[in-house]
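Q: Construct the complete structure from the given sequences, taking the supplied hints into account.
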Amino acid sequence: MRWLKQLVTRQGIYNDLSEEIEQHLAEKTEALMAEGMSREDAERAARREFGNVTRIHERGREAWMWPLAESLWADMKFAFRQLTKSPGFALTAILTIALGIGATTAIFSLVNAVLLRPLPFPEQDRLMWLSLQDHSLPGVVPQSVSYPDYFDWRAQNHTFESMASYARSPVILQQDGDAQRMDAQVVSSNFFQLLGVAPMLGRDFNLQDEKPGNRAVMLSYALWQSNFGGSKNIVGKTIQMDDEKFVVAGVMPRGFQFPLENPGPALWKSIADDADGTSPKTVQRGFNVLAVIGRLKTGATLDQARADMNLVAGNLAREYPDNDKQFSSALVEPELAHMTGDVRPALRILFGAVTLMLLIVCANVAGLLLARGSRRHAEFALRAAIGASRTAIVRQLLVESVTLSVCGGAAGVALAYGLVQAAERLMPLDIPRMNRASIDGSVLLFDLAVSLVAGIAFGLLPALRMARSTPAQALREGSRTVAGVRGQNRLHNGLVIAQTAIGMVLLIGSGLLVRSFIRIVNVDPGFDSKHVLTMRAGVSFLKMQHDQHFLFYQQMLARIAAVPGVGSASAGWPLPMNSSNVTVSFNIQGRPMAKGDEPSESLGVIMPGYFETMRTPLIAGRTFDERDGLKGPATIVINQAFAKKYFPHENPLGQHIQVRVGDDVFNSPMREVVGVVGDIKRKGLTAEADPQYYLPFAQAVITNPYMVIRTNVDPMSVQGAVAAAIHELDKSVPLYQVSTMDEIISKSTAQPRFQTFLLTGFAAIALVLAAIGLYGLLSYIVVQRTLEIGLRMALGAQRRDVLGMIVKRGFMLALLGVAAGLAASAMLTRLMATMLFRVHPFDPLTFAVTSALLLVVGVAASSVPAYRAAQMDPMKTLREQ
Amino acid sequence: MAFSKKTEQRDLFRGALEMMILRSVLREPMHGYALVQHIKQRSNELLQVEEGSLYPALQRLLREGLVQAEWEISASNRRVRTYRITSAGKKHLEHEISSFERMLEGISLVLSPNES
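Protein sequences, first through last, are from chains A and B.
Heads up, the first sequence is in numbering that gives the first Met the number 0, so the first residue is 0 and it goes up one at a time.
Heads up, the second sequence is in numbering that gives the first Met the number 0, so the first residue is 0 and it goes up one at a time.
Incorrect hints may have been included.
[Unchecked claim] Pairwise CB distance ranges, derived in the manner of DEER restraints:
| id | chain 1 | residue 1 | chain 2 | residue 2 | range |
| --- | --- | --- | --- | --- | --- |
| 1 | B | Gln40 | A | Met75 | 35 to 43 Å |
| 2 | B | His94 | A | Arg389 | 16 to 24 Å |
| 3 | B | Ser107 | A | Met75 | 32 to 40 Å |
| 4 | A | Arg467 | B | Ser107 | 19 to 27 Å |
| 5 | B | Ser111 | A | Gln797 | 38 to 46 Å |
| 6 | A | Asn14 | B | Gln36 | 18 to 26 Å |
| 7 | A | Leu443 | B | Ser107 | 51 to 59 Å |
| 8 | A | Glu18 | B | Gln36 | 14 to 22 Å |
Honestly, the hints are just simulated from the structure, not real lab data.
Bear in mind the structure is a predicted one, so any value in this text is a computation, not a measurement.
Virtual Cβ for every residue (Gly too), placed ideally from N, Cα, C.
A: See the structure below:
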C-alpha cells in the first residue's frame, strides 16, 4: 500500500521541493548581493549556477516514480539507440522474428476463429448437439433422427430446457415469373428461441406452425434485403415457393445462421411442410433426416444429459424395434466441440509446427545476438568496470532483445494479416467459421505475449553469457585471440544443432504430408472426372407428378446430349464426393430377417447411361437402359463392395433384393440384380468404397438428380449452350450447383492440400533458417580464427585443408542436428498418423531423403565461409593482425 | 538544454553525489543551500556541482529513507528545509564507501599500464 500513500502525499512532496528551490535561489541571490552585485545580476547568476529549474523539478519528481519502470524506459531508449547504430543487424533480426511471430500469429488467428471463439449465441456452453448412435456398425456412428423420435425426445427428456430439429431443404422461390433456387432449412418451432435469437421483425414460429396445412416462413436478413427490398410490410405477406404459398412470419437479424457452415440458409420453413400428405415424413420413424440441438437446463451436466438421453433412446428402441432397434443409445456433445471436432487435430498439428518454426527463429536470433555480443565485449567490460552490476547488464541485454522481438512482433502482425487474407482467397475451405478469422484483440494480445516470451527466450542465454565475463578478462580479449571463446562457441554450436534438429522434424512432417497428398490425388475415384460438367435443375415435384418428372428428365438429357461439344449426358443422385447420402434398409430374397435387423446400405438413383458417362467400369451383367423404365420390371445394380459383402460365394446376377423406397414403401417390389459395377468413392478419395446399390430413376423418383455431362471440349464452355437447351424445354426451371467434376474432387481434397501447403511452407522456412544459422556460425568462426588459419597456411597447410576443416565442422554440426532430429521425429510423427493416408508415420523413404537433404544443405551452407577462409592471403592476414 | 547535458557528463558515476551528501549531513544537519556550499568548499572547488542537481539526489535519498527533512527557521531567520541522516542512511553510507574503495581498486588494476 506504500504506493497508494505515495500517490496521495506526492503533491505535498512536490510543493516542498518547489519552495525549497525558491528559498535556495533567494539565499544565493542575497549572498551574491552581499558580495556587491546588483539584484538583477545576482538573480541571473543564481539561476545560472543553479541550472535548469524545470529540469531539476522534473528529475526531483522522477525520484518518486516507480524506479523499475523508470530504468526500463532508460534501458529501452538506450536499446533503440544501439539498434539504430547497427541497422543491418537489427533489420535481419527483426525480419526473422517477424517471419516466426507472423506465421504463429496467423495460425493462432485460425485456431482462435475456429476452435476458441464461443458460438455467437447466449449461454452457448449449454447448447448440445444430439444424435442417435447406430449400434449395427462398430465405433461411434452418429445417425440422423426421425421426426417421431425427435418428438419423443422432446417430450420425454428431463435434462434439456428445450430441443429443436433442423434439416436442409432447398426451395425454389418463385417471384415475378422468375424462379430462384435457395438454400433453406426446415426447423422446429422452438429453433430460434432455443438459440436465443429473436426475429428482428414479425413474430417467432409457434407450435401452431408445426401443424399440417400451415405454411409459415422466416426470412434471412440477406434475402429480405435482396428480394424484398428490406420492406417492413413483408410480415404477413404471402410468397410463393415450390408452387405453394407461404406466409412470412418474420425476418431474422443480420448474420443469423445455425449451424455455422457457409453459406447460411436464405430462409427457414416450419415443419408443417413435412407433416402434410398421405404418408407424412413426420410420422415415418424410419425416415432419419433431422439434426437435433438441445439447450441444457441450468445446472444440468453433460453426463446427466447423456444418461438421460440413453434412457430415452433405449426405451424407444424397445418400443419400436422395427426402426429403432440398432439405435438404443444417443450421442450428446457440446455443440462447439462437435462443430470443430474434425479440424481440431489438424489445427493442433499446424499450431505445433508453427511453434517449432518459432523455436528455430529464436535459436537463429540467439545466434545472431551471440555473434554480435562478442563484438561488444569491450563495451560491457567497461560498464562492469564502472560499477554496472551483472543484473543490470543482463537486464540491459534483455531489454534490447525484447525491443527487437516487439518490433518483429509488430511487423509480424502485418504479415499475419496478409497471410490470413491470402489463406482465405487461395484456400476455399469448408471449415466452419474459418472465414471469420481476423486479427482481433485476443490475436493481438497473443502476438504481444509471444513477442515478449520470444524476446526473453532468445535473449536470455546470450545475455547471461555476456554478463559472465569479468572486466579484466574481457578487456584483455579486446586484442585478437587465437582460439576464440570456447564456452560461447559451445552455446552457439548447440543453437545451430537445435535449429537443424527442429528443422528436420518439420521437414519430415511436411515430407510425410506431401507423400500422403500424392497418394490421395492418385487414388482412382472409380470414375473419370475429366471433362465432366454437372448441374442440377429445380424441377417442381408439385407441378410434375412421378411419371412426368422422369419423362421431363429423359427429354432434357436428350436435348443436352445434342448440344455441340457434348459426348453424352445422364443424371444420378447422389454425386460422388458429396455429403448427401441416404442409406435405406433392404432384404435379400431367401434370407428372411426380422424387420429391425435388416441390413442397410447407401442408395443411388440413376438415369440410363450414368456409368457410361462417368466411365465407371461394368464388371458383370448390364447397366440400366430403356428396359428399366416406368413400366419395366423392377431392377437393381450393385457395386463390387456390395457383391463382395452380400454375395461372397454366389453369382449376384439374378438374385432378388427388396428395397424399402418409393411411393409405396410398405409394398416395395422384389428387384432383380442385373449388373455389378466398379466401386465409386462416394464419401471422398481417402475413404474406403462402401457397398452401394443403384435403382433406375424411373422406378424411384425421390429427388432432383445431378446431371452429368461428358464433353469433348472444356466442360465449362458448354455451360451456356446446355442451359439454353434446358430452357428451350421449360423456361421456369432454375439451374444450380453448376460445377465440373474436377472441381468437386479438388474441393474434396482442399483440407489435406491446405495442411500440406502450410506445413511445407513452414518446413521450407525452417530449412532456410537452419542453413542461415549454420552459415552465420561458420562465418563467425572463420573471422574469429583468421589468425589461426593464417598461421596454419603460413606453416604449410594447403587451401583444400582449410576448406576441408571448415566444411567438416559444418558437416559435423549438421550430422548431429540430423541425428537429434531423427530421434525427435520418431517420437513426434505418430501424432500426425490420422492426417496421413497410406503413409506410415515412420516412412523410411521420407526419413532418408530428409536426412540427405539436410546434410547437403549443411555442406552447401558451410562451403561459402570455407571458401572465403581458403582464399585468405596468409601473409596479409598475419601482417594485419 | 546544454546545461543539463554538461551536468550529466560531470556526474562521475551514479550514486557519487548521494554519497557526498550523506557524508556531509552525517557531520551536521544542513539545508540544501548550505550543503552545496559545503561540498564545493570541501572539494576545493574541484567538483563544480551544478547547484540544482543536488535536489533530485536529495529526493532520492528521502524516498529511500536515508535522510529526513524538516522545515525550520535558520539562524539568519530564514525558512529552510534541514536534512538529517537516518540510521539506515548511516549504514548505507558505510556500505557505499567500502564498495567504492573496492571499485577504485579494481579500476586502477585494469587501467594500470603493466599488465600482470
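Q: Compare the structure with each hint and give your call.
A: Do the hints match the structure? See the list:
no.: 1; hint: Gln40(B) <-> Met75(A): 35 to 43 Å; result: holds (40 Å)
no.: 2; hint: His94(B) <-> Arg389(A): 16 to 24 Å; result: holds (18 Å)
no.: 3; hint: Ser107(B) <-> Met75(A): 32 to 40 Å; result: holds (34 Å)
no.: 4; hint: Arg467(A) <-> Ser107(B): 19 to 27 Å; result: holds (23 Å)
no.: 5; hint: Ser111(B) <-> Gln797(A): 38 to 46 Å; result: holds (45 Å)
no.: 6; hint: Asn14(A) <-> Gln36(B): 18 to 26 Å; result: holds (25 Å)
no.: 7; hint: Leu443(A) <-> Ser107(B): 51 to 59 Å; result: holds (53 Å)
no.: 8; hint: Glu18(A) <-> Gln36(B): 14 to 22 Å; result: holds (19 Å)
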